[in-house]
Amino acid sequence: MIKLTDLSKKYGVKEVVSKVNLSLNTNKLTAIIGPNGAGKSTLLAMISRLISSDTGEIFLDHQSLKTWKQNFLAKKLSLLKQANGFELKITVKELVEFGRFPYSKGHLTEVDHQKVNQALNILGLKDLVNEDISTLSGGQLQRAYIALVLAQDTDYILLDEPLNNLDMKYEVQIMKTLRYLVKQLGKTIIIVIHDLNFAASYADEIIAMKNGKIFKSGLTNQIIDEKVLSKLYEIPIQIQNISGKPFCLYFN
Amino acid sequence: MKKLIHSFPLKVIALLILVIVSCILFLTYQTYGNWDFALSLRSSKLLAFILVGIATSFATITFQTLTHNQFLTPNILGLDSLYTLVQTTVFFFFNGKQLLGSESVATFLLTIAIMVIFSVLLANFLLHKGQNNLFLLLMVGIILATLLNSITTFLQVAMNPNEFDALQTKLFASFNNINSQYLPIAAIIILILVIFLWFKSLTLDVLHLGDDQATNLGINIPPLQFSLLVVISSLIGVSTALVGPITFLGFIVANISYHFIGTYHHRQLFIGGSLIAIFLLIFGEFMVEQVFKLNTPLSSVIEFTGGIYFIGKIIYERKNG
Chain A
1 MIKLTDLSKK YGVKEVVSKV NLSLNTNKLT AIIGPNGAGK STLLAMISRL ISSDTGEIFL
61 DHQSLKTWKQ NFLAKKLSLL KQANGFELKI TVKELVEFGR FPYSKGHLTE VDHQKVNQAL
121 NILGLKDLVN EDISTLSGGQ LQRAYIALVL AQDTDYILLD EPLNNLDMKY EVQIMKTLRY
181 LVKQLGKTII IVIHDLNFAA SYADEIIAMK NGKIFKSGLT NQIIDEKVLS KLYEIPIQIQ
241 NISGKPFCLY FN
Chain B
253 MKKLIHSFPL KVIALLILVI VSCILFLTYQ TYGNWDFALS LRSSKLLAFI LVGIATSFAT
313 ITFQTLTHNQ FLTPNILGLD SLYTLVQTTV FFFFNGKQLL GSESVATFLL TIAIMVIFSV
373 LLANFLLHKG QNNLFLLLMV GIILATLLNS ITTFLQVAMN PNEFDALQTK LFASFNNINS
433 QYLPIAAIII LILVIFLWFK SLTLDVLHLG DDQATNLGIN IPPLQFSLLV VISSLIGVST
493 ALVGPITFLG FIVANISYHF IGTYHHRQLF IGGSLIAIFL LIFGEFMVEQ VFKLNTPLSS
553 VIEFTGGIYF IGKIIYERKN G
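So the protein lines, in turn, are chains A and B.
Position 122 of the first sequence, counting from 1, maps to 122 under the working numbering, and the rest follow consecutively.
Position 108 of the second sequence, counting from 1, maps to 360 under the working numbering, and the rest follow consecutively.
Chain A on its own, in the form it takes in the complex (with noise of 0.2 Å):
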């Protein structure tokens, strides 16, 4: 479980997260929602200790994040930012298999490959296991970076913004692999999105920030909401029902 207790961030004099209380149920399937500029990422930068949080203190599994040695850490708890690019030449399974570095510190052993291929088949990315990262798409390198952190296996997943460049084929196939990695594997997942309808349709609960401040939190049809939404987003928001699932209207 991983709780968090008065957090705050200042950038300067802008408090971008401020005093969160929050506790994250484990094999669960959250997502983090809310308007540009409301401390999403910063918040998932924190729980993923990449930046340091000014007050409040975080638990992971009822030990704070401070105590925890590194190396451990990285097998409990993983997060990915963005996709970026590799200065030099380098595989896609290459890749992949910096995912298992916490595990075997670059000696591979038979566990790691079978994690890494593994990984790879669930992102689709059997036929590119030899192309250079150079060589991919936006898309292609998404999922690349996506198969490195499951090769990582840890309990806790971040990602930041996972759907970023993906066609609206691999967008679901993504959600849908968080799916079975929540059911079938019992992580805990942990996703900022802005696509409302992807959180509708995937999250088990919903995490609404705004202005550094958690906005509302519940299980996914308590947010999804014509009323909080509207508030949240300050624009209004209508929500009909298609075949059993909620789809959110803003387009007016």
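Just so you know, the hints here were simulated from the structure itself, not pulled from any lab data.
The beta-carbon is built from N, C-alpha and C at its ideal position, and this holds for glycine as well.
Any given hint could be a false lead.
Keeping only pairs whose Cα atoms sit at most 30 Å apart, straight-line, the calculated DSBU-like set for lysine-lysine is [said to hold, decoys possible]:
1) A:K126 x A:K66
2) A:K93 x B:K452
3) B:K545 x A:K89
Calculated from the model, a selection of chain B residues having no Cβ within reach of chain A, i.e. all distances over 12 Å [stated by the list, open to error]:
4) V273
5) I366
6) F387
7) G393
8) L443
9) V458
10) L461
11) P475
12) G514
13) F538
Model the placement of chain B on the given structure of chain A, informed by the hints.
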């Protein structure tokens, strides 16, 4: 990629042949029958080339990985300027003429120690003061270099012209100036540092993914940056103290190895880079001595070609970026 990995031994063999051939040429060409003299003189030079080549390539490749920038060389930390200042100060305050040509091992160690302490202080001050900003460190390095240069110029202007002249000859990197009694100490220091980097090289590979991704994979970045900076500046310090400042050698060597070895594996880059550096130095010195009859110092040739390569790379990246 698989093919490239498989052909890595081939590339190493090719480089080794080049190095050995240039070594033999360098050692045996035109000895005028005076074998003992030529060999003893040239072999200590050869050892210096090998040490400088290894130190420069390890330091620069590590530094470029650390900064995620293939244009930088560790000299940007202001180590060259510090070296010049230390030498000038020694000349200024301790009547340099006595020291010229008969530097003791102690002065050698002192120069290195001052350079390392300086960079440790710089890194410690900037990397441990809350915000962990490597580029701030580099900026401060550049500005400090200017400050050190100004102090040096001040001392040189105030100096006796004869002393200044002697100093000037000493400051230009010259493989003719090395004293063979430093070589064993330099060799030991470089060996220790290089072994350290060799053991860190798998971690260095991960750094290519960027600092955030490396943190995600369990690498504690700030202490790593600190230890690497200390090692890099020690390597550059030893190399500079041996043969004087050479700015562009590392840049040329690192970039040629990225293209030629074509991998992100630091162990392969280190081996390839060291061989390339040793070859360039020995072959360059051979050309300078035998073909150009010592009309130009090797360092000038390196800086000239390095500068052209640097500008060329900038223009190329502009066009293709």
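Going down the list of hints, with the structure as the test:
no. : hint           : in the structure
1   : A:K126 x A:K66 : 38 Å, violated
2   : A:K93 x B:K452 : 22 Å, holds
3   : B:K545 x A:K89 : 41 Å, violated
4   : V273           : 29 Å, holds
5   : I366           : 34 Å, holds
6   : F387           : 16 Å, holds
7   : G393           : 22 Å, holds
8   : L443           : 23 Å, holds
9   : V458           : 5 Å, violated
10  : L461           : 6 Å, violated
11  : P475           : 10 Å, violated
12  : G514           : 5 Å, violated
13  : F538           : 31 Å, holds
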